[in-house]
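Novice: In the order they appear, the protein sequences are chains L and R. Numbering-wise (the numbering used here), the first sequence opens with residue 1 and increments by one. Numbering-wise (the numbering used here), the second sequence opens with residue 1001 and increments by one.
A couple of the hints might just be wrong.
To be verified - Once the Cα atoms are required to be at most 25 angstroms apart in a straight line, the calculated SDA-like pairs of lysine to any residue come out as:
1) L:Lys-363 <-> R:Gln-1108
2) L:Lys-565 <-> R:Leu-1022
3) L:Lys-565 <-> R:Asn-1145
4) L:Lys-526 <-> R:Leu-1143
5) R:Lys-1062 <-> L:Gly-329
6) L:Lys-306 <-> R:Ala-1070
7) R:Lys-1173 <-> L:Arg-45
8) R:Lys-1127 <-> L:Pro-340
9) L:Lys-363 <-> L:Lys-306
10) L:Lys-205 <-> L:Pro-94
Keep in mind that the hints were calculated from the coordinates and are not lab data.
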Amino acid sequence: MNQMSNSHFLSGNEAIARGAWEAGVHVAAGYPGTPSTEIIENLARYEDIDVEWSTNEKVAFDVAYGACLAGARALVAMKHVGVNVALDSLMVTPFSGVHGGFVIITADDPGMHSSQNEQDNRYLAKFAKIPMLEPSDSQEAKEFVKLAFEISEQFDVPVFLRTTTRTSHSKSVVTFDEPSRQPPRKYKSDPAKHVVPIHGKRWRKTIEERLKRLAEFAETFPHNRVEWNRKDFGIITSGISYEYAREVFPDASILKLGMVYPLARRVIEQFCERVEKVYVIEELEPFLEEQLRIMGVKAQTDLVGKELIPNTFELSPDILRQTLLGTNGRASFESEISIPPRPPVLCPGCPHSGVYFVLHKLKAVVTGDIGCYTLGALYPFNALDTTFCMGAGVANAFGMEKVHRATMGKKLVAVIGDSTFLHSGIAPLIDIVFNKGISTVVLMDNSTTGMTGHQQHPGMGKTVKNVDTYAINYEELIRAIGVKHVSVIDPYDLTATERAIKEAMNCGEPSVVISRRPCVLLPEEKAKTHVPYEVIDELCEECDLCLKIGCPAIGGLDSIPHISKERCIGCDLCAKLCAFDAIRPIDQAMAQT
Amino acid sequence: MTSNRSGKNLLFAGVGGQGILLVSELAARAAIAAGFDAKKTEVHGAAQRGGSVVSHVRFARKVYSPLTPAGEVDILLALEKLEALRWAHYVREGGLIVINDEIRVPAQLTDKPVEYPQNIEEFLNGKGFRVVCFDANSVATQLGNYRAANTVLLGAMADETGISDEHWMAVMKESLNAKILDLNLRAFEKGKKLSLESQCTNVKLQTSSNR
C-alpha cells in the first residue's frame, strides 16, 4: 500500500474542494443543486475556510465576490441553472475585475439527470467574456481550480471552471499536494473600478484587450495539449468528452483543450494542418466547433462535428461508436421482454403525500416548484399543472389568476418547499399581496433541503458547519409581508389539511398554508422508533384506496396490497384511507425485534 | 499480490436506497488497493428517490471513460431482479450476473398496474450469461440484518473480479464503521461460499426461508 499513500479516490466535486483548499481559498459560497452540491459540503469540512450555504445563487455569488474584492481568494459553486440566477452579478464582474482570485464553478447536467433543462454553460464564458477551464477527471479538477485562481489574479478577471455530471460525480484517483495558504490581500478602496454604473465605460475596452491577452496565454497553456498518434485523423475535444474519445479511438491524435474559452487559435491551426481529417468531439452544443469554423480553421480534408454527433443529452463511448464508426453496441432486451420503467417516487411516509392527496381531491389547479415535491406530478396524485424553475410557481399561480379570477381564482394553489421559498419564493408572494391577488400558497416545510440530500438553509437554525443560528419564523415573515390568512397544518392529519387548504382557497385574499413535518430521511426522524403497519387480509375488500397515497411501501403483485415491513415507517396515512379498518400496526412485540 | 493482472468492468444496479453506492465504492477501492487504476460513476439526485440506480466501476492499468460501453461489462451485480434485466445488455456474452432474488414492483405511472416480467432468470440464462440468483435478503437477515444483502452479493462476485481476498478485507476494514464491520465481513464470506456452490451445481440456491 506504500505507493498508494498519497493516492485518494475522489469525485470531481471532492477534488474541487481539495484543490480550492490547496489553493488557499478563504471564502466559499453556494446554493445546493445537483450535480454541484458536494463541492460546498466538502469545503465546509475545512476549518480554515469560511464556507456558507447562501439563500440563493445570486446571493452566493455576491458574497463570494465581495470577499474577492476585499482581498480574499473566493469561490462560488452552483449548478448550470444556478448560474442563470447569478447571471446579473456575473455579467458586471469583467468590468470590475478581482482583487483576490475569484473562481466560479458551473456544474452542468447534460442528460438532465436532475434538472429541468439542458444548457451548455460554456456559452456563458463567451457571453460574459471571461475565461473557462474544463477538467476531464478528478485529478484535473483539483489542478484546474488552482490554475483558475492563478489566472484570475494574473488577468484581473473571474474565471469559470466548468464540470458536467460525469466529471462532478465520477470518482478517480487524485494525488494531494501541500496547500499554499496566504492571508487575504489588504483591502484597497477603488470606486473608480468598482462603482461600475458610473465608471463602467472606462473599462469596456479593457475587457476586449484582456480577452486578447488571455487568448495569447492559451497558446502556451500546458493543459491545451496534443497527444500525437496516427495522422490520418485527429480529434479536438475537452472535458469528459476527452475520456470517451480516448476510449473509442485509442490510437488517434488528440488535441485536448483544458481552456475552452478563449481558444488557443494557433495551437488548433497547427494541429489541424498536421492531420487529414478532424473530428470535433464535444458534449451538448457545438461550442468549440462554431468558434473553429468562424476562425476558418481547416483540416487537410474534412472537419466533422455536430452533423454526426448529437447536441442533445449526454455523450458516451457508445454514442461515439454509433455516430462516428457506425458500430452499434448491444441494445436493451426491451424488444424481447417487457422492462417497465422505474420512476423515482416520494418516499414511504413523505409528508408531501398528505398535501398532494388533498390537492388531488380538491381538484386544485396547482403550480409547482423545484424539489422532491415535483414528484407530486406523477401517478397517483397527478397533482401539478406546471413546474418550471426555482421560485416560478408562486408568481405563475398569480399570473393565471389574473386571467381567470372569476372561475379559477379560488382553485389556484402554488406549492413550494421551504428551501425554495427562501431562495426565491418570498418576492413573488409579496407581489401577490401588493397587486391584490387571492392565490393560495402551500409552503411545504419539511425542515431541510430535501432533493439534494439535506443541506442547511435559513429556516433550520444551523449553518453549513452545523453552528447554531437564527431560524426563520415563517409565520412572522409571511404576516409581515401582509398575508393575513396564514395557517399551519400537519400533513399526516388529512382532515385538518383538507380543511385548511379549502379555507385558504376560498378566503378571497392572499393566503398561505404551512404544511409542517420534517423529511422522513432526516437522521433524527430515522432514529425514531417506527411501528410498521400491515394489511389484515380477511378485512381487505381490495378497493385499492390505500394505494392512492402513492406510498412505495404498499403494493405487490397480489390483489390484496402488501405492506413492506422493512420500508413502512408507520405514518398511518394508508390506514386513515382504509374504510374497512384493514390496515393496522403490526404486533407490537414483533415490531420491537 | 493479485494473480490476475487484467482489468474488469463492473456494473451495480438496483433501486434507490438499496445500498448500491456502498458496494460499488468498496469494489473500486479494492481494485485500487490491488494496484489498478479505477474509475466509478453514477448519477445522484432524482435517481435515488426509489428510482432505478446504476453505478459503473472500471479498473485496469489505465482507465479513460468512467462509463462502460454496452456489451463490455464483465460482472453485473443486481440488488433487484427487474434491475438485472434492465442493465443485462451491458454485460458481455459469458459474463457473470449476480442477482438478489427480490421483486420490487415499480411505481405505477397510470391506472394500469405494472406488469412485472416473469422468468427473468431463465431469460438471462438463455442469453448466454452465467447467472447466479439467490435470496440475499434472507441470507443477510439470518446473519443479523437484511441491510447486509448488498455485501452478500458483493462476496458472490468477488472471486470473479480477480482481486484477492486480502484487498477486499483491507478495504472493508478501512471503509466500514466498527459497528457494522463484523456483519459485513461475514456477509461477504457467506456470499463467496454461496456463489461457489451455485456455480458448481448450476442450480438455484435454496435458502431456509425461501419465499
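Novice: All hints, please: hold or fail.
Specialist: Structure-based check of all given hints:
1. L:Lys-363 <-> R:Gln-1108: 21 angstroms, holds
2. L:Lys-565 <-> R:Leu-1022: 23 angstroms, holds
3. L:Lys-565 <-> R:Asn-1145: 13 angstroms, holds
4. L:Lys-526 <-> R:Leu-1143: Holds, at about 23 angstroms.
5. R:Lys-1062 <-> L:Gly-329: 22 angstroms, holds
6. L:Lys-306 <-> R:Ala-1070: Judged against 25 angstroms, a Cα distance of about 23 angstroms means the pair holds.
7. R:Lys-1173 <-> L:Arg-45: At roughly 23 angstroms apart (the allowed maximum being 25 angstroms), L:Arg-45 and R:Lys-1173 satisfy the hint.
8. R:Lys-1127 <-> L:Pro-340: Holds - the C-alpha atoms of L:Pro-340 and R:Lys-1127 are around 19 angstroms apart, at most 25 angstroms.
9. L:Lys-363 <-> L:Lys-306: With Cα atoms ~46 angstroms apart, L:Lys-363 and L:Lys-306 exceed 25 angstroms; violated.
10. L:Lys-205 <-> L:Pro-94: 11 angstroms, holds
Violation of the numbered hints given earlier is confined to hint 9; every other hint is satisfied by the structure.
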